[in-house]
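Let chain A serve as the given structure and place chain B on it in line with the hints.
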Amino acid sequence: MISKELERAGIPVVQVANMTPVANSVGVNRIWTSASIKYPLGSPDLDPEAEKIERIRMTRSVLEELKE
Amino acid sequence: MNQLLRIVHYVNQFYGQIGGETAAGTGISIREEKGGLAEEIEAKIDRPAKVVATIVCGDDYFAENVEIALPEIMKIIKSYEPDVFFAGPAYAAGRYGMACAAICTEVKKELGIPAITAMNEINPGVDFGKKELFIVKTGTNARTMKTDLGEMARFAKIMLGGKKLGLPDEEGYFKRGWNRSIRTGIPTPDRTINMLLAKMKGDDFVSEIELPENADIQPAAAIKNLKDATIVLCTDGGLYPEGNPDNMPCSNPDVFHPYSIKDGPELVEGEWTVRHNGYDNSFVLADPNRLVPADAFIELEKENYIGKLHDKCLSTTGLITTVANSKKIGKAMVDYIKNHQIDAAILTST
Numbered sequence: 001m002i003s004k005e006l007e008r009a010g011i012p013v014v015q016v017a018n019m020t021p022v023a024n025s026v027g028v029n030r031i032w033t034s035a036s037i038k039y040p041l042g043s044p045d046l047d048p049e050a051e052k053i054e055r056i057r058m059t060r061s062v063l064e065e066l067k068e
Numbered sequence: 001m002n003q004l005l006r007i008v009h010y011v012n013q014f015y016g017q018i019g020g021e022t023a024a025g026t027g028i029s030i031r032e033e034k035g036g037l038a039e040e041i042e043a044k045i046d047r048p049a050k051v052v053a054t055i056v057c058g059d060d061y062f063a064e065n066v067e068i069a070l071p072e073i074m075k076i077i078k079s080y081e082p083d084v085f086f087a088g089p090a091y092a093a094g095r096y097g098m099a100c101a102a103i104c105t106e107v108k109k110e111l112g113i114p115a116i117t118a119m120n121e122i123n124p125g126v127d128f129g130k131k132e133l134f135i136v137k138t139g140t141n142a143r144t145m146k147t148d149l150g151e152m153a154r155f156a157k158i159m160l161g162g163k164k165l166g167l168p169d170e171e172g173y174f175k176r177g178w179n180r181s182i183r184t185g186i187p188t189p190d191r192t193i194n195m196l197l198a199k200m201k202g203d204d205f206v207s208e209i210e211l212p213e214n215a216d217i218q219p220a221a222a223i224k225n226l227k228d229a230t231i232v233l234c235t236d237g238g239l240y241p242e243g244n245p246d247n248m249p250c251s252n253p254d255v256f257h258p259y260s261i262k263d264g265p266e267l268v269e270g271e272w273t274v275r276h277n278g279y280d281n282s283f284v285l286a287d288p289n290r291l292v293p294a295d296a297f298i299e300l301e302k303e304n305y306i307g308k309l310h311d312k313c314l315s316t317t318g319l320i321t322t323v324a325n326s327k328k329i330g331k332a333m334v335d336y337i338k339n340h341q342i343d344a345a346i347l348t349s350t
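Chains as they are written, first to last, in my numbering: chain A, 1 to 68; chain B, 1 to 350.
Keep in mind that the hints were calculated from the coordinates and are not lab data. Keep in mind that the hints are not guaranteed to be accurate.
[To be verified] 30 Å max Cα-Cα, derived DSS-like pairs, lysine-lysine: (1) A:Lys4 to B:Lys312; (2) B:Lys146 to A:Lys4; (3) B:Lys201 to B:Lys224; (4) B:Lys130 to A:Lys4; (5) A:Lys4 to B:Lys131; (6) B:Lys175 to B:Lys137; (7) A:Lys38 to B:Lys109; (8) B:Lys308 to A:Lys67; (9) A:Lys67 to B:Lys224; (10) A:Lys4 to B:Lys78; (11) B:Lys338 to A:Lys4; (12) B:Lys109 to B:Lys78; (13) B:Lys175 to B:Lys131; (14) B:Lys175 to B:Lys327.
One chain only, chain A, in its complex shape (with noise of 0.2 Å):
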């Protein structure tokens, strides 16, 4: 829902969710699924510094829906 206000007003969001069919439902244009409902953009499994490696490459690909 806060997405869609922010959609709505001309701001494009992409909504890093897991629940993706909600989000769905809802109208969300912009979805990225999530590693997981409990750390969104996390890789709790490798060390910390390949886990922010890792990160950095979720976040480009979040930011690439932005260019669509």
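Frame of chain A, contents of chain B only:
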């Protein structure tokens, strides 16, 4: 019980046989003589009844002069001391539907008598009135007029008898947004498993929770050049500075707060807390970047992959948050974003 039931009926210029669109500007008039629809209503109500007045008003006239037309129509309705009020059916006619819904809502509020209208789901009058009213579902044209008037009469009889209407799908009215407790005789886990099995088999089943309709909102324009864009991180995962300085609740807030993520406390364990009872918070508490990826954004800003990361994160808690509160938070975020020269947002949810 045998007392004559007094009915007032509202119709537009078309059903009042004044004319079509060209007559839509016609003002309010009253008919006491019996017309076709009045006869039909009296027949359907199935007890001594009389349509004491038919109020006719042009759709454009009502829409463009609501402040005058609505009180005027209310005055007329009251003067006839009705037991029941009918408006429409309005089918797919938008202005007519809005008028029917507006007048019925007012009649219900001021007179406390059954006020019943009917229309098709595409009519904007449905959204306007469905919460207050029982609106009979119809098709999109008047071919079904007799049946629809019959349904309106049936609703009136139930309400006049002091009884409750059944569920929307059984009775044929639009869902009003209320929950009603009912006994099914089947425990919740069994119903859930049955639905799951039906879904897996590809059989029909009806979910007990209706997801909101997919409302059509035009996507905001894309950001062609990320290198020039200022981006703000938002989350509804409930991340707040340790100590929760703004006393954010664990569910259903109606505000968000901006917190510094560039020059404030680092996003490390111990500096932040999570107020959200809807997920296991331990992974985010151990590294808040997993929810609000400030570390990655700061790197991407350094290498000029994006123009700028806004220095604050907009935080709220998205749990059992009502649609009304979500909208309120969303609107407040819009104001914040517009006041801070921000081009786009990333909203992370758990």
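Results of checking the hints against the structure:
Distance hint between A:Lys4 and B:Lys312 is fulfilled; the C-alpha atoms sit about 21 Å from each other, no more than 30 Å. As the CA atoms of B:Lys146 and A:Lys4 are separated by approximately 42 Å, the hinted pair breaks the 30 Å bound. Using a Cα cut-off of 30 Å, the hinted pair B:Lys201 and B:Lys224 is violated, with the two alpha carbons roughly 45 Å apart. Pair hint B:Lys130 plus A:Lys4 holds up; C-alpha atoms about 23 Å apart against a cutoff of 30 Å.
At most 30 Å may separate the alpha-carbon atoms for a hinted pair to count; A:Lys4 and B:Lys131 meet this at roughly 23 Å. Only pairs whose Cα atoms come within 30 Å are accepted, and B:Lys175 paired with B:Lys137 is accepted, the gap being roughly 10 Å. As the CA atoms of A:Lys38 and B:Lys109 are separated by approximately 47 Å, the hinted pair breaks the 30 Å bound. For the suggested pair B:Lys308 and A:Lys67, the alpha carbons sit about 16 Å apart, so the restraint of at most 30 Å is met.
With a C-alpha separation of about 5 Å, the suggested pair A:Lys67 and B:Lys224 falls inside the 30 Å cut-off, and the hint holds. For the proposed pair A:Lys4 and B:Lys78, the alpha carbon gap of about 43 Å is over 30 Å, so the pair is violated. The suggested pairing of B:Lys338 with A:Lys4 holds, with an alpha-carbon distance near 16 Å, which does not exceed 30 Å. A threshold of 30 Å between alpha carbons decides the hint, and for B:Lys109 with B:Lys78 the separation of about 12 Å falls inside it, so the pair holds.
Of the pairs offered as hints, the one joining B:Lys175 and B:Lys131 holds, with about 8 Å between alpha carbons and a cut-off of 30 Å not exceeded. This hinted pair checks out: B:Lys175 and B:Lys327 have alpha carbons roughly 21 Å apart, not beyond 30 Å.
Of the numbered hints stated above, those contradicted by the structure are hints 2, 3, 7 and 10, listed in ascending order.
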